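Engineer: Kindly generate the complete structure, drawing on both the sequences and the hints.
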Amino acid sequence: MLRIDKLNFSYGDLKVLWDVDLEVRDREIVTVVGANGAGKSTILKNVSRLVRPSSGALRFGDVDLRRLASHEVVELGVVHVPEGRRIFPEMTVLENLRMGSFPRATRQDRARNIERAFTLFPRLKERQKQLGGTMSGGEQQMLAIARGLMGNPKLLLLDEPSLGLSPLLVKNIFEIIREINRQGTTILLVEQNVYQSLRLASRAYVLETGRVVLSGTGAELLDNAHVKKAFLGM
Amino acid sequence: MVAFAQSVPGAVLILGGGVPALAGTELGPRMMVFLQSVLSGVLVGGVYALIGIGLTMIFGVMRVTNFAHGELVMLGMYLTWGLFHWLRLDPFLSIVLVAPALFLWGAFLQRAFVNRVLDALPQNQILLTIGLGLVMSNGVMLAFTSDYRILTTSYSSASYDLAGISVSKPLLYAFLVTVAITVLLYGFLLRTDTGQAIRATAQDREAAQLMGINVRWTSMLAFGIGAALAGAAGALISPTYYIFPQVGSAFTLKAFVIVVLGGMGSVVGATLGGVIIGLTESLAAVYIAGGLKDLVVFVLFLALLVFKPSGLLGKTRA
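Heads up: the protein sequence lines correspond to chains P and F, in order. Using our numbering, the final residue of the first sequence is 589, and nothing's skipped along the way. Using our numbering, the final residue of the second sequence is 320, and nothing's skipped along the way.
If you're looking for bench data, these hints aren't it; they were derived computationally from the structure. As the structure is a prediction and not an experimental result, all values here were calculated from the model. All C-beta atoms, glycine included, are put in the ideal place defined by N, C-alpha and C. Where hints are given, some of them may not hold.
Some chain P residues near chain F, calculated using beta-carbon distances under 8 angstroms [stated by the list, open to error]: (1) L423; (2) S425; (3) H426; (4) E430; (5) G432; (6) E438; (7) R441; (8) P444; (9) L449; (10) E450; (11) P458; (12) L486; (13) Y550.
Cβ pair distances, simulated, as ranges [as the list claims (entries may be wrong)]: (14) K484(P) with L106(F): 49 to 59 angstroms; (15) T447(P) with F110(F): 27 to 37 angstroms; (16) R422(P) with D121(F): 47 to 57 angstroms.
Structural biologist: The following block contains the structure:
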């Protein structure tokens, strides 16, 4: 579904990604784990075309993503839920959701998708008239994911959805990610919460200072000595 | 700066000394003068608001302050004058031609020039927009000379008498049209997908891209709408102001004050700011001195910057 080959990327003189290869297949949950600053978010930004790679190939199905602008990637069904939620602060919850279905092809499903979002996140239904900027971090994260789902994603890119949430909410968010996947959406998840995300993943990649150092199924990596030592404190 | 010394003439003709016949009214003459100047201030302020809303929309979406904004008002005035002079088209009707023309012109300016400096340093953006303004005002001067033009309609100096308070007809019409345009604009920004996309772009440009919004397109649209509002304002005031190539600079400055006063990027703030500036000018002209009204406006502006730098409705940005 998504294929990344030999992706290199630099912020000015600072090289961030080195020959990254990554694949996401239909219906999978693939996670990229690694420390802060390893370049995880940068991979997602390359896919959603917020940044331009120095070299390498990015393909979604048989479409070359390097030829597209950000909004065209969204129209293909690749939706990026960014780090830090990035809720429109002066729009209500409902308006934020409506913006998620801005692409013309998704507008006909708007009412149904809003219902679906309210079923997944009942809290959002209670808060629908509230301004996005006045909600708590956990509520904003729910809204960010719900807003992403409004665009009928085939592939959902999730960047650190657990960041800054209480342990209970983290558990909740991971359950919801699993549920979204069960309903048919492929997921590429980037996380610092290594344990939880490896448990969830069909396959995973470990990223260290911009290089993929390990890959395998979630279970394999949970058992890996290096992963245990470096990320799980065992 | 030249612009500080330059007040907008014309309005004074109709408003400044507007002390009507007061005999036989129940309210005292002082009260009548007060009400008169408040009313005049609100009417002019409405048009100012229209200019300010355009500038604040452009700033909100692009983070570029358009220092050519007054020149867009000026173009609107000349276009209206031309349509009246050659085709006898009423200035209030000509809005339906002037606003779309300025929309296209603004969208062109954004695409051809402003779009290239979106990531540039603020001082470079300012140089560009000031330059565009100079080209426009000097272009008009080449074509029409720097002579003052007056657009005199049958109702240019007519007024209604409202219980002893005189209400200038052209300013009242201008105000009513302004209210209608503002209501339509609010509806567009709040209710339509395209309008919401413009607001989304202003609130978080990158997140807007991730929603599938083409921000290059919303930017062009916002500049076009801003220019159309400036042009409409130009058309609305053409029956009451002198029309000359340099008239724009005073409006640029006024619009800038309005936008900062309301909070950079806030459409509601600009609406409020426009009315406040109109009121301040009008009251200052009556109670202090006609020549000092700009001074009062700028003192008020500086005081606001000292005590509430984010503007009346602005958010403090990190």
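Engineer: Now tell me, hint by hint, if it's right for this structure.
Structural biologist: Tested hints:
{"no.": "1", "hint": "L423", "verdict": "11 angstroms, violated"}
{"no.": "2", "hint": "S425", "verdict": "4 angstroms, holds"}
{"no.": "3", "hint": "H426", "verdict": "5 angstroms, holds"}
{"no.": "4", "hint": "E430", "verdict": "6 angstroms, holds"}
{"no.": "5", "hint": "G432", "verdict": "10 angstroms, violated"}
{"no.": "6", "hint": "E438", "verdict": "11 angstroms, violated"}
{"no.": "7", "hint": "R441", "verdict": "4 angstroms, holds"}
{"no.": "8", "hint": "P444", "verdict": "6 angstroms, holds"}
{"no.": "9", "hint": "L449", "verdict": "11 angstroms, violated"}
{"no.": "10", "hint": "E450", "verdict": "6 angstroms, holds"}
{"no.": "11", "hint": "P458", "verdict": "4 angstroms, holds"}
{"no.": "12", "hint": "L486", "verdict": "11 angstroms, violated"}
{"no.": "13", "hint": "Y550", "verdict": "28 angstroms, violated"}
{"no.": "14", "hint": "K484(P) with L106(F): 49 to 59 angstroms", "verdict": "38 angstroms, violated"}
{"no.": "15", "hint": "T447(P) with F110(F): 27 to 37 angstroms", "verdict": "35 angstroms, holds"}
{"no.": "16", "hint": "R422(P) with D121(F): 47 to 57 angstroms", "verdict": "22 angstroms, violated"}
The structure fails hints 1, 5, 6, 9, 12, 13, 14, 16 (numbered hints given earlier, in ascending order).
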